[in-house]
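Undergrad: Using the sequences provided together with the hints, build the complete structure.
Anchor point for the sequence shown: position 69 equals 69 in UniProt numbering, and the numbering is continuous, going up by one each time.
Derived by calculation from the structure, the hints in this document are not laboratory data. Check each hint, because a few of them may be wrong.
Label pairs and their in silico Cβ distance ranges [as the list claims (entries may be wrong)]: (1) MET297 x ALA268: 37 to 43 Å; (2) ASP196 x ALA398: 49 to 55 Å; (3) PRO115 x ALA398: 49 to 55 Å; (4) ASP196 x SER371: 30 to 36 Å; (5) ALA73 x GLY313: 50 to 56 Å; (6) ALA8 x VAL264: 17 to 23 Å; (7) SER409 x PRO6: 47 to 53 Å; (8) GLU267 x GLY183: 36 to 42 Å.
From the three backbone atoms N, C-alpha and C, an ideal C-beta is built for every residue, glycine too.
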Amino acid sequence: MSGPAPRAATIPPSCLHAVFRAAEERERTTGRPVVKLHVGEPYFPPPREVALAVEQAVRDGRTAYTSAEGMTALREALAVKLETENGHRTSAERVFVTPGSCQGLAALFQSLARPGDELLMPELHWPIHLQQVLLAGFRPVFYPLGPGYRPDPDALRAAVTPRTRAVLVNSPANPTGAVLDAGTLRAVLDVARTHDLSVISDEAYEHFVYDGEHVSFASLESGVPEEERRVFSTFTFSKSLAMTGYRLGYVVTPNETSARALRVVQEASIIGPSTPVQYAGLTALKAQDAARANARMVRANRDRALPALREAGLLAELPQGGWYAVLDIASTGVDAETFAAGLLDTHEVGVAPAAGFALRPVLADDGRVLSADPAPEARTLVRLAFCGDPAELDTGVARLLAHVRTLRSRGGSP
1 MSGPAPRAAT IPPSCLHAVF RAAEERERTT GRPVVKLHVG EPYFPPPREV
51 ALAVEQAVRD GRTAYTSAEG MTALREALAV KLETENGHRT SAERVFVTPG
101 SCQGLAALFQ SLARPGDELL MPELHWPIHL QQVLLAGFRP VFYPLGPGYR
151 PDPDALRAAV TPRTRAVLVN SPANPTGAVL DAGTLRAVLD VARTHDLSVI
201 SDEAYEHFVY DGEHVSFASL ESGVPEEERR VFSTFTFSKS LAMTGYRLGY
251 VVTPNETSAR ALRVVQEASI IGPSTPVQYA GLTALKAQDA ARANARMVRA
301 NRDRALPALR EAGLLAELPQ GGWYAVLDIA STGVDAETFA AGLLDTHEVG
351 VAPAAGFALR PVLADDGRVL SADPAPEART LVRLAFCGDP AELDTGVARL
401 LAHVRTLRSR GGSP
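TA: The structure is reproduced here in structure tokens:
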């Protein structure tokens, strides 16, 4: 077909898929396993009772459609969880069960975007967030991060224009591991209220906070009349209980007006979430002991393996939460892509260059991406996942440090 490419065809693919392919090709050609520190796949399995719940639902024939919002029983249980665990008082009518929080985020962006709208997002971000923002038709504007990769409210305020519609916040953050305290969140909320912005709060790693505590953004609006609330929240079962392949998450809207718009998107996108998987979610909500044990395991990984990276000058501070750390390998004299390729080729360890976490797209008037180069400050950053097998993590970190020493001794020559 002639004419310009469709907008989706111009959006950059996730950098993570390139790392996946390179690691798989390395394993195929050598016959040896790659230590996969580039991927956030947890070491712990889902609770057995979750699988049994799916099996029982199928055996009992509980496989019919539910509404676009999801099963009432699960939404009611989630509303209880939100109030007791997150301090977020809401009703089941504001809760949407989604096929993973990723789909929920994409649907939220679609429900909010208007032609020409801008959305503020962190300068270091999960690549899928950027794809979703662009697919929805938003024009992304990146707000700078200060010490510890936390947003600077003054810089955020300065980034607002008359076209700004929403701001995205991710805590604990992927890829940085930053955890935002209540004071920072209140400052962001003040900016949103002043400029009448919606807030999208991605809380996928809510149970993985090692320093401080997790504050759910919407809990700060508990005393606000519903129609004046502006915080949308997304959560997932994938992280706390390793239900990555189940594809089960949930979204909370602030009021009926926003719920109505999201309902239309979901009716047109998914019809309804998988019914047997929703029964698994009901069971999973009772498995909080497993969630706490999983968080302790990832924290133990962090506390054991990451201090050596800090001592080597690759990490300014340990991540406060989440599954990832961002390393600065500038002292090796090579860029992140060269570093990651060399680490894979010589030590069979995969890490993700952070250039893909800091793309700066240039858009045409119709929203097509004309170019997308990484921010200069990200060219020497790599992301490392520490949620996996403890022994593999230790091996991978040791090999990474050996690679760093080799490059430093050569003055940066690969």
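Undergrad: For each hint, tell me whether it holds in the structure or not.
TA: Against the structure, the hints come out as follows:
1. MET297 x ALA268: 37 to 43 Å: holds (40 Å)
2. ASP196 x ALA398: 49 to 55 Å: holds (51 Å)
3. PRO115 x ALA398: 49 to 55 Å: holds (52 Å)
4. ASP196 x SER371: 30 to 36 Å: For ASP196 and SER371 the Cβ distance comes to about 32 Å; the hint holds.
5. ALA73 x GLY313: 50 to 56 Å: holds (52 Å)
6. ALA8 x VAL264: 17 to 23 Å: holds (20 Å)
7. SER409 x PRO6: 47 to 53 Å: The hinted range 47 to 53 Å holds for SER409 and PRO6, with Cβ atoms some 49 Å apart.
8. GLU267 x GLY183: 36 to 42 Å: For GLU267 and GLY183 the Cβ distance comes to about 39 Å; the hint holds.
Checked against the numbered hints above, the structure breaks none of them.
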